[in-house]
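Asker: Just so you know, the protein sequences line up as chains A and B, in that order.
Each residue of the first sequence is one higher than the one before, starting from 1 at the first, in this note's numbering.
Each residue of the second sequence is one higher than the one before, starting from 475 at the first, in this note's numbering.
Wrong hints could be hidden among the right ones.
[To be verified] Which residues of chain A face chain B? A few of them, derived with a C-beta cut under 7 Å, are:
id, residue
1, R52
2, I58
3, Q59
4, D79
5, L83
6, S240
7, E241
8, W329
9, R333
[To be verified] So the derived list for chain B, only partly shown, Cβ under 10 Å to chain A, looks like this:
id, residue
10, S504
11, T515
12, F614
13, I681
14, I856
Please keep in mind that the hints were generated in silico from the structure rather than gathered at the bench.
For every residue, glycine included, the Cβ atom is placed at its ideal position computed from N, Cα and C.
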Amino acid sequence: MAQALINILDHWGLHGLAQQGWLWYLVVGLVQVALILALVMTCVAVYTWMERKISGRIQDRLGPTRVGGRFGWLQPAADGLKLLCKEDLVPAAADGLLFRAAPYLTFCAAFIPYLALPFAPGWVVQPMDTAAFFILAIGGLEVFGVILAGYASGSKWSLYGAMREAAQVVSFEIPLGMCVVVPVLMAGTMNLTEIAQQQAGWLTSWNLVNPFALVTFFIYMVCATAGTNRAPFDLPEAESELVAGFMTEYSGFRWSMFFMAEYSAMFLLALLGALLFCGGWNGPIPVATMLWLTPEYGDIAAFAGNFLGMCSLITKGVLGVIFMMWLRWTLPRLRIDQVMTTCLKYCVPLASIMLVGTMVSIFVLRGGLSHPIKPVEMPAKQNQRTGRDCKLKIREGHASPLLLRRPMVCGKIFWQSRGTGFQPVEFDAGKMPVPRWRPSARKSSHTRPQSSNFQFSIFNSQFSIFSLSREGAC
Amino acid sequence: MPVERVDPDLVEFDLRSDEMLINMGPQHPSTHGVLRLVLRTDGEVVSDLTPNIGYLHRCAEKIGENLSPRQFVPYADRLDYLAGMNMDLGWSMAVEKLLGFVPSERLRHLRVLVCELDRIASHLVAAGCYGLDLGSFTPFVWCFRERERILLLFEELCGARLTYSYITPGGVTSDLPKGWLKNCEKFLAEFEPVIDELHATLTSNSIFIHRTANIGVLSPEMAVDYGCTGPVLRGSGVDWDLRRDGEPVYTRMYEGYKFEVIAQVKGKYPEDLPYPAVPREAVLGDCWHRFYVRMLEVVQSMKLIRQAMEKYSQTKEVLAEPIKLRQKLTVGTAYLETEAPKGQTGFMLISDGSPVPWRVRIRSSSFCNLSVSAELCRGCLIADVPAVIGSLDIVLGEIDR
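Starting from the given sequences, assemble the full structure and let the hints guide the process.
Answerer: Below is the structure:
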């Protein structure tokens, strides 16, 4: 994308812009943010329409039918316009500054995590090795806006909503965090790109196939529903009890900020769940591989493959959101003590058991139950930087008798050099000798690369990391 | 700093914080109209509740003292506007009692038919709104969808959807239109499976049970003491229904009808209905039982309607005209309570012989049922307040009169 931008700038005669480091960084950043915002906001708009349509169908109604033809698909635009035209109201008793700031805080907290969320291999604004952690941490900030809104509104109902939110956050964030740890443990990394890549292949290579992860996924969905304040956990805005909870005093555009934040958070957690448990952009069937849409067939093929993958991921996210909508229009609301009971008394112990179970399964079965041993064939490719072929020779070792021996599975090798982070290099697994377990190599993988030459770390589809010495120069 | 003594039953001593006085209503989504509840809360715990009423006061009794009984009918069905037919019936029968009027067979069955249909409509609103109070939106819409069909039937019958003015002293405004019974039968047949859906989404839903079971437990003694009637009384296990136990003037209407009074007597509901069993968590007299009684009463009403349709079709006579608009009333007093969907509604007339009653008094079931809310809500959580109030199924038009 960067090169494309340079070309565009050249075309406009603004080549000098690209020479300015900080300016260049800013422009790229802004474009990326704009892309993410456009994507997520479009999804949010579609969700508001979908919510109305789905609730309508569940309730034997039609939902919107007037704006935008038969299916009312322009309804979000009409809603947005209406909200923009509404009176900008701040109650006299409210703390003006905090009251105004709260919706934006929530909005930002709901949208910033997308920066670390990969939509396809390499299609991420800011690649992070701790993406899973980052998303949870920033997403958790959403609660500040809610509490602030409740506190600053100067209304008793809002205050109740804020207090409930505080109580609810304490209850659901712990099991949610534990649920995220399970796939992280299985992958051996918090890098979401890698977690998703390791689930490449057929449906059977998804983390979900592991029984522990399957249960964890359900706990995750429960906690995600609670985390986004959706029914049956919509206590902070419990309509029939607290009028509108923390949103009681909000109207117009500020209200719509909360609204968008809610839908954005739903989508975020659904996407995160898809990445962690459901293979990310790797569909149940590896369509991209079947259609030769992989990087070795050229950039266009890679782009098409990535695009397909992104569509797959977004589809999964949308399904997750539909699941949450379905819940909302089916179930009554829990009481605050019941929410805390559900999260702390049932979800936390269950998530703990799953966590321990995953650990045990990884250590006993070497990679859990989920991943079939299936080498992915990749032809050798030139190293981008040096232009020379990468040749790998993997020394054979001895497998520990306790551990199951398994060959290399991963479709990509990530090579690591000092300071540049991980980058994928394709290799021909078919020509490679089947690597074996090498305890000494494993040990060295935990340290930073020592030599000035590249040291290869091949990430297995599961937990174990092989470090391989390379012969010949790249 | 002196520490105030508190009731340890209500709040844990250490956790007690400042009390907050909070107004629930009159503009609140779940106070069923313009009811205002003043809650004294400690955190989420409600330590005291005071219902404030009067926002819908329309001087119904005074109006009744300035109009002839037939002129008052449109005012009567604006009392409990969700069950206008039953209100009309209560008023008409009180007047008929004063006049000594005995309704004909055909009229009797016709009245049973429309009143029980309206009871279903009222209970559907109660069930749907109760789901809404607990945060479940979909059953509400389903209930209103079915109620809509009843309203369409009534519209066909008398041109009005809520305020029917159909049953009047001495008769009804007109006989059933042609083909109406067929429509009604069709409705009943199609409504029956919906009851199962409502049971699935509400009665037997785990969250619903947890929200309603053992909440707002009303003991039978307290129910009688406070003058609670209708499903609220029967939900506490008191086997009392005016359709069976009322005054002869009223029970004559239901003569020859087979139906059960829904109340849990000796730990058992009267009939082994194919509906969900009482969950283990439920305690007699709690919100769940009140709701359950209404749901079962809907089935009984359907049984009554089927019988009434059959009996009605067997009569051939032509309905008599209602009493004249300004017919002189008999000197004396008449008081009659009838079993309206929300409880016993009583109308009293004192007449001095003129066409206009000298005094009109209305006993409201919702009023008495609401009076127990303070007892039920004491010590519960804020979220339970809508659950309790909703289970009492009040309508403010009748409370304020």
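Asker: Should the hint that D79(A) touches chain B count as held when the rule is a Cβ pair under 7 Å?
Answerer: 18 Å, violated
Asker: Please verify that hint: S504(B), Cβ, nearest Cβ of chain A, below 10 Å or not.
Answerer: 4 Å, holds
Asker: Does the CB of F614(B) sit less than 10 Å away from some CB of chain A?
Answerer: 8 Å, holds
Asker: With chain B as the partner, please determine if Q59(A) meets the hint condition of a C-beta pair closer than 7 Å.
Answerer: 4 Å, holds
Asker: Next item in the hint list is E241(A). Is there a CB on chain B closer than 7 Å to its CB?
Answerer: 5 Å, holds
Asker: Double-check W329(A) for me: the hint is only fine if its C-beta lies closer than 7 Å to a C-beta in chain B.
Answerer: Where the cut-off is 7 Å and the nearest Cβ of chain B is about 5 Å from W329(A), the hint holds.
Asker: Can we keep the I856(B) interface hint, with Cβ of chain A closer than 10 Å?
Answerer: Because about 6 Å separates I856(B) from the closest Cβ in chain A, which is inside the 10 Å limit, the hint holds.
Asker: Taking the least C-beta to C-beta distance, is R52(A) closer than 7 Å to chain B?
Answerer: Violated - the Cβ of R52(A) stays beyond 7 Å from chain B, reaching only about 12 Å at its closest.
Asker: A closest beta-carbon separation below 7 Å is what the hint needs, so does L83(A) meet it against chain B?
Answerer: 20 Å, violated
Asker: Was the hint right that I58(A) lines chain B, CB cutoff 7 Å?
Answerer: 6 Å, holds
Asker: Can you verify the interface hint for I681(B): is its Cβ closer than 10 Å to any Cβ in chain A?
Answerer: The hint holds - I681(B) has a Cβ within 10 Å of chain A, the shortest such distance being about 5 Å.
Asker: Given a cut of 7 Å on the nearest C-beta pair, is the interface hint for S240(A) held or broken against chain B?
Answerer: With Cβ-Cβ at 4 Å, under 7 Å, it holds.
Of the numbered hints listed earlier, those contradicted by the structure are 1, 4, 5.
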